[in-house]
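Two chains, two frames, a set of hints: combine them into the complex.
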Amino acid sequence: MFFHIVLERNMQLHPRFFGRNLRENLVSKLMKDVEGTCSGRHGFVVAITGIESIGKGLIRDGTGFVTFPVKYQCVVFRPFKGEILEAVVTLVNKMGFFAEAGPVQIFVSKHLIPDDMEFQAGDMPNYTTSDGSVKIQKECEVRLKIIGTRVDATEIFCVGTIKDDFLGVINDPAAG
Amino acid sequence: MDDHYPVPSAFSLLNQMSVASDSPVHSSSSDDLAAFLDDELETVEEVEIEEASSSKGECDHPGSFGNMCFVCGKKLEETGVSFRYIHKEMRLNQDEISRLRDSDMGFLQRQRKLYLVLDLDHTLLNSTILRDLKPEEEYLYSHTHSLQDVSGGSLFKMEFMHMMTKLRPFVHSFLKEASEMFVMYIYTMGDRPYARQMAKLLDPKGEYFGDRIISRDDGTVRHQKSLDVVLGQESAVLILDDTENAWPNHKDNLIVIERYHFFASSCRQFDHKYKSLSELKSDESEPDGALATVLKVLKQAHALFFENVDEDISNKDVRLMLKQVRKEILKGCKVVFSRVFPTKAKPEDHPLWKMAEDLGATCATEVDASVTHVVAMEMGTEKARWAVREKKFVVHRGWIDAANYLWKKQPEENFSLEQLKKQQGTEEE
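One line per chain: the protein sequences are D and H, in this order. Here full-length UniProt numbering is used: the first residue of the first sequence is 1, the next is one more, and so on. Here full-length UniProt numbering is used: the first residue of the second sequence is 1, the next is one more, and so on.
So here's chain H without its partners, still in its complex pose (with noise of 0.2 Å):
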């Protein structure tokens, strides 16, 4: 066998440099022992390198640690991408990446997994600095749950970082049923010390996230999320995120979920005139929440994927699955806008109607007898009234908007303009 990686032996090395024990004292000692290790070695790799070329072929330098490329050792610029996350002196250039993703499909084809990205607030958790906490809110003080086994509590507070933490109800669950179906990433615009001791509350084992913790440190471009450094095929993963604009690049992977305000300041940085959970001394539903709601989406997507279990998924795209299981929730409606575009523009353009589109509904500009629903915002005009006669719905555009959200048609009565105007007076008190 080549030895590659032929080392001056150590005895030779002893017998040359001064030892400690032996030296005189003056200060040719530790210099001379650099300066003679160094010409050592770079005789050895001089060899070395000569050796490696002609018998080991190019390196295609797959990336780096420490800027040295993992598999020659050689010293490399900062090329690819920076892995920061998994260590902060990994890069991997886009090859690697690729082949990374790539060979990964087996993995997911046999264990019957995908990948979810989940963002931290408003989606899984409420955070709050224990500064920006209202009278009405000391209460939480009290019923805050020990940070030294975190199993089964909602309230942290985590007095080094000043902070209280609030997970959203049916957390646990809701991690527990998606780590059967998913692969998991946190990708949170939080810091990386934020991001860590907020995966020690939803997932103390360690078992659902590993070292997929993404923070803001480890993002490749700021105020900006991406998938370029989950290493999954886009065509395989699945983003939960309470704010659209932070995915530009991503929006088909994306499912929206409603924000989660638990705290009072959570309400205030939203510019909401409600109370927060937490000065009403009420929570989300459990059974019937937010993540509720998602949970059963992602079943659906997940179960649509791997419908054919032979059938090789490199061909199949998740996002094209979760569009499936959208336009299922208004499918066979008909639906007519009046006076809800500005006339200047082109009614199929506005994202209200794409909106409606993407759930499944038919959208029409003018009424005929297989309209279904008028979508308005005051009772008076023609197309509202046409409605009336016909015995069609007429409803507010918030009808749309909760299908949206809730990934489910909702009861047309809840959304008539009646509900609105109520609505809208008791706003204006």
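Pulled out of the complex, with its shape left as it was, chain D reads as follows (with noise of 0.2 Å):
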């Protein structure tokens, strides 16, 4: 799910930037920094929306470096356990199958595909139902429930299942 939060953050800057753009400099730094970064607690920083505040510098001792605390508005996007995604197949295998919701990595298992729905193997490697009427191969886009997050540093991966109602093959791009 997506949130809107407040995050502070401690912006060590170099006097070479000191001077009339200051601010400038320490928003683009901060935006270079957290941008697309994760963390456990809140997720996949997507973008950063404004600077709530920035708070008095600290001269460092020892070097001209000075620690601004930095409060900013961001998007962060953290998937939950048992959060309905939609996500974009990107690998197909005889184990399950891989997807990504942005930057989350999802893996389904075939224990967690409807039985009625078979593996077939070929350069298209696919899930099909007995009769043919529904296909889940690559760039197709499923609609499927987390069962388990975790939170990298840099990544974050799901488990998910598309074996209740209403989850499974929302967009085929095979079909017109």
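Calculated directly from the structure, the hints in this document are not laboratory data. Idealized CB from N, CA, C, for every residue including glycine. Each hint should be verified, as a subset may be incorrect.
[As the list claims (entries may be wrong)] Calculated lysine to aspartate or glutamate pairs in the EDC-like style (CA-CA distance at most 20 Å, straight line):
#1 88/H x 152/D
#2 29/D x 52/D
#3 94/D x 228/H
[As the list claims (entries may be wrong)] Some residues of chain H that are not near chain D, with every Cβ distance over 12 Å (derived):
#4 71
#5 89
#6 111
#7 152
#8 172
#9 201
#10 223
#11 281
#12 303
#13 326
#14 341
#15 369
#16 417
Structure, rendered in structure tokens:
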């Protein structure tokens, strides 16, 4: 799920950036450092939307660097257990399939794919129902339920299922 | 329908958490949110665990993704076998591996396919670092094929890897025909980026190997190759590699192929004194080369395996088929060895004796009328002289080695002791 929250970070700035553009430099460094990163508590920082406040800078002993505590608003993405997500299938094999929802990598095991879907090998491996009406293959969109998440320093991994009602293929690129 | 994973409604969350636009400027917001979410979810999880264990029963934890069981989501310690080549976070436990291998047999039966694990270096191709190219090989720079569209090319330069690679003659036909009989894997001692790049050269469409590319970063034991990460029954896997010792536990599945030395650096690596193919501006014969020979063997083994159309293949073993094909090569030959083995050891234990037997020959220690070949290293021995008198073949051991590599009985004239003397003479020069 997406959240719009306020986070705080201590930014270190080299004296060469001081002057008229101090705030701009601080903000661009913040964006470079933080956007696209992950943390266990907040998940994946998608984008910074604004700066709440920049505290007084503290000069560090011995170096000329100054530390500013910056509070900023940002949009974060953190999947939760039980959440329903839409994801794009990236790889299909006999163990199940891998899908991506933005930066989140999800694995849906064969055990959690409906029993009436069989794995078909070939140059476009897929899972298909016995009547061929539903097909899961690369580039497909699926709706899945998260049953576990793990957040790393830079990546988020999830385990999902499509075995419940209303889950599965949403949009098959192959059909029309 | 039971909702097994109740989620706190988004609305209730929003009402209770500090949303950015409302939050006062102090440090409570983000920490509060995180703490709040953790609390909410802890209660949710507790409820779930109770529900889960009462309604679903124990989970077997067949494997994990990111250290979470991929069936129930529970956090797991690292167990089972790592399948990094599929995904770096993928692990499977042994039962699940067995289950996957068993369920696979039906697919193999329907498709009439077996598994083939292919080595890269000196088997399907030869690579060299650009720095190691000798002056006589500089001409190769102007013969490299484009990397944008690799079809039809066999010599490639990859600046970004500081490497040049030459594909072995016949490799495209080999892969095409083998793919009709086998599901193929790449298993190389190169690292993952190298393995992926070579796969792009051999299989640009990804139709032969798919995600079945195992590099040394994916193996479970260093400096050793094993079928433990191959998702197929060992009785249905054949391996093609130039190095026998890379497969200590799977020698019966292995077809050893002659090493492909195209570049000078490759010859140097193996201490060969001879000029490399690139220096001689020559190459292995396409229709008669090692890959063409091996393809024939693969076809034979495959045909034997699927001989009886409706037979249940779970009882068949391709390793036995391979042994059978090998035993045809020197069938009918009776071989006696003369001063080839050290006298202290038992001749039957010598690898050459065993090789001859694997090739279908009968071996004996004494001569008699039924003997067809005497293997000796010099003409003066008693047995050699007997052979000449009785008009039997006298060959040096190369005749047996050649049969082993070429999967065909070779003309004895090419392995006579005069030939050997001539060869040794030129070496001394």
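Hints and how they fare:
1. 88/H x 152/D: Roughly 13 Å between the alpha carbons, so the hint for residue 88/H and residue 152/D holds.
2. 29/D x 52/D: With a Cα-Cα distance of about 16 Å, the restraint between residue 29/D and residue 52/D holds, given a limit of 20 Å.
3. 94/D x 228/H: Holds, at about 17 Å.
4. 71: Label violated. Min Cβ-Cβ 5 Å, cutoff 12 Å.
5. 89: violated, 6 Å
6. 111: For residue 111/H, whose nearest Cβ neighbour in chain D is about 8 Å away, the distance does not exceed 12 Å, so it is violated.
7. 152: Fine: 20 Å to the nearest Cβ keeps residue 152/H off the interface.
8. 172: holds, 16 Å
9. 201: Non-interface label on residue 201/H holds, nearest chain D Cβ at 18 Å vs cutoff 12 Å.
10. 223: holds, 27 Å
11. 281: Nearest chain D Cβ is 37 Å from residue 281/H, so the label holds.
12. 303: holds, 22 Å
13. 326: holds, 30 Å
14. 341: holds, 49 Å
15. 369: holds, 56 Å
16. 417: holds, 53 Å
When held up to the earlier numbered hints, the structure conflicts with 4, 5, 6 and fits the remainder.
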